[in-house]
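**Student:** Here the protein sequences line up with chains A and B, keeping their order.
Per the numbering used here, residue 1 is the first one in the first sequence, and the count goes up by one each step.
Per the numbering used here, residue 1001 is the first one in the second sequence, and the count goes up by one each step.
Don't read these hints as lab results, they were simulated from the structure.
Treat each hint with caution, since some may be false.
Ranges of calculated distance between the beta carbons of each label pair, as one might list FRET restraints [as the list claims (entries may be wrong)]:
hint, chain 1, residue 1, chain 2, residue 2, range
1, A, D98, B, K1170, 51 to 61 Å
2, A, V47, B, L1102, 41 to 51 Å
3, B, I1167, A, E115, 35 to 45 Å
4, A, H30, B, S1080, 45 to 55 Å
5, A, G67, B, H1009, 28 to 38 Å
6, A, K39, B, I1104, 39 to 49 Å
7, A, H72, B, I1167, 47 to 57 Å
8, A, V19, B, I1104, 47 to 57 Å
9, A, Q43, B, N1007, 47 to 57 Å
10, A, F10, B, T1165, 52 to 62 Å
11, A, I22, B, K1174, 45 to 55 Å
12, B, I1167, A, Q43, 40 to 50 Å
13, B, R1075, A, D95, 23 to 33 Å
14, B, I1104, A, P86, 31 to 41 Å
Each computed DSS-like pair below joins lysine-lysine, with the alpha-carbon atoms no more than 30 Å apart [said to hold, decoys possible]:
hint, chain 1, residue 1, chain 2, residue 2
15, A, K81, B, K1105
16, B, K1040, B, K1106
17, B, K1010, A, K55
18, B, K1172, A, K97
19, A, K97, B, K1106
20, B, K1040, B, K1174
21, B, K1040, A, K63
22, A, K39, B, K1172
23, B, K1105, A, K3
Simulated coverage check for chain A against chain B, where a stretch passes if three residues somewhere in it have a Cβ under 8 Å from a Cβ of chain B [unchecked claim]:
hint, stretch
24, 4-13
25, 17-29
C-beta: ideal position from N, C-alpha, C; glycine also.
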Amino acid sequence: MDKKKLRNDFLLIVPLLLVAIIALIVILTHKTNKPLVAKVFVQSEVVQTIDLSDKTERDYTIKGVNGELIVHVHDGMIRVKESNCPHQDCVNQGDVKDTNHPIICAYNQVYIVIEGESSYDVEI
Amino acid sequence: MKESKFNVHKMTLLAILIAGAIVIGILESLIPSIGIPGVKLGLSNIVILIVLYELGIWEAALVSLSRVLIVSLVRGTFLSMGFVMSLTGAVLSLGIMILFYLLIKKFSVIGVSVIGALFHVFGQIAVAMLYLSTAYILYYLPIIAISAIITGIIVGVSAQLIINTKIIAKQKEKYNF
């Protein structure tokens, strides 16, 4: 193989990888002071607001576009317990307790976001 | 000898390659997810890369788009959100790969593969953001991008190894297309 082209590949890939790793570190280390409420959206409409400072264990049933999700809340953490989606990514993601890791179920067009006092304000 | 536009051997070869790309995609979907949406190997891109390098850009476009269309019809997801995500990813990925391959001839298969994999996930994330009208998905971008770069390297090396066997180049020579 052409050595010069391989060197160019290297010069292309390494900066891209570095940018991605730095972005990942920034996201992972960005802590919010007090995550307070989890908002459950279906097709970008808030259908349920859950207070996470309430530590009691409880379940919520959310009607998604293609079926139902069961959301479990305990100790200030939230996760999807059951979903009818084929890939089960939302279920496998497990407990979420900070603002940096939204749970997304594309199949049901549901997403769950924790909003805290100093979370990023990302809006479209 | 002027080459015929409809070469049966070429048509058959393309059909086999499309079938191969589809089967690889289906086999890949059997590998369990690691819990982050959008992270997968993208092995079908091996076929697209080989076609791009050995047969040309139109053939690569044909294989890529046929694959998306046929997979969606088989899975019954035609015109769904998943289909729009795949299609956007495939078109963006192919577009940037053709650009890097034809106009910027400074990268090997590995570089082209990595940039293709990256634009594939950019396209998918953009569509997911539009459908869910939220930018929260961007939190996933770094980890998805890192995995796309790594799988892109694997795919690029695999494609290069297959191109090195000259398996398609031999067919081209034999049946002259």
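**Student:** Please go over all the hints and tell whether each is borne out by the structure.
**Tutor:** Now the hints, each set against the structure:
1. Checked against the hint of 51 to 61 Å, the pair A:D98 and B:K1170 passes, with Cβ atoms roughly 56 Å apart.
2. For A:V47 paired with B:L1102, a C-beta distance near 48 Å keeps the hint of 41 to 51 Å intact.
3. A hinted range of 35 to 45 Å for the beta carbons of B:I1167 and A:E115 is inconsistent with their spacing of about 55 Å.
4. Taking 45 to 55 Å as the suggested C-beta distance range, the pair A:H30 and B:S1080 does not conform, at roughly 34 Å.
5. Between A:G67 and B:H1009 the Cβ separation comes to about 47 Å, which falls outside the hinted range of 28 to 38 Å.
6. At roughly 44 Å, the beta carbons of A:K39 and B:I1104 sit within the given window of 39 to 49 Å.
7. At roughly 52 Å, the beta-carbon separation of A:H72 and B:I1167 lies within the given 47 to 57 Å, and the hint holds.
8. The supplied range of 47 to 57 Å is broken by A:V19 and B:I1104, whose beta-carbon atoms lie about 19 Å from each other.
9. Taken as a hint, the range 47 to 57 Å holds for the pair A:Q43 and B:N1007, whose Cβ atoms sit roughly 48 Å apart.
10. In this structure, A:F10 and B:T1165 break the distance hint of 52 to 62 Å, their C-beta atoms being roughly 25 Å apart.
11. Evaluation of the 45 to 55 Å hint for A:I22 and B:K1174 yields a pass: the beta carbon distance comes to about 50 Å.
12. Look at B:I1167 against A:Q43: about 48 Å separates their beta carbons, and that is inside 40 to 50 Å.
13. Between B:R1075 and A:D95, the C-beta spacing of about 31 Å keeps the proposed range 23 to 33 Å intact.
14. The beta-carbon spacing between B:I1104 and A:P86, approximately 38 Å, falls within the hinted interval of 31 to 41 Å.
15. A distance of roughly 50 Å separates the Cα atoms of A:K81 and B:K1105; the hinted pair therefore is violated under the 30 Å criterion.
16. A threshold of 30 Å between alpha carbons decides the hint, and for B:K1040 with B:K1106 the separation of about 27 Å falls inside it, so the pair holds.
17. Of the pairs offered as hints, the one joining B:K1010 and A:K55 is violated, with about 65 Å between alpha carbons and a cut-off of 30 Å exceeded.
18. About 57 Å separates the Cα atoms of B:K1172 and A:K97, which puts this hinted pair outside 30 Å; it is violated.
19. For the proposed pair A:K97 and B:K1106, the alpha carbon gap of about 45 Å is over 30 Å, so the pair is violated.
20. Taking the CA atoms of B:K1040 and B:K1174, the gap is near 36 Å; set against the 30 Å cutoff, the hint is violated.
21. Taken as a hint, the B:K1040 and A:K63 pair is honoured in the structure, with Cα atoms around 28 Å apart against an allowance of 30 Å.
22. A threshold of 30 Å between alpha carbons decides the hint, and for A:K39 with B:K1172 the separation of about 58 Å lies outside it, so the pair is violated.
23. Taken as a hint, the B:K1105 and A:K3 pair is honoured in the structure, with Cα atoms around 13 Å apart against an allowance of 30 Å.
24. Chain B is given as covering the stretch 4-13 of chain A, and this holds because 7 residues of the stretch bring a CB closer than 8 Å to a CB of that chain, at least three being needed.
25. Remark: the stretch 17-29 of chain A is confirmed as covered by chain B, as 6 of its residues place a Cβ nearer than 8 Å to a Cβ of that chain, reaching the required three.
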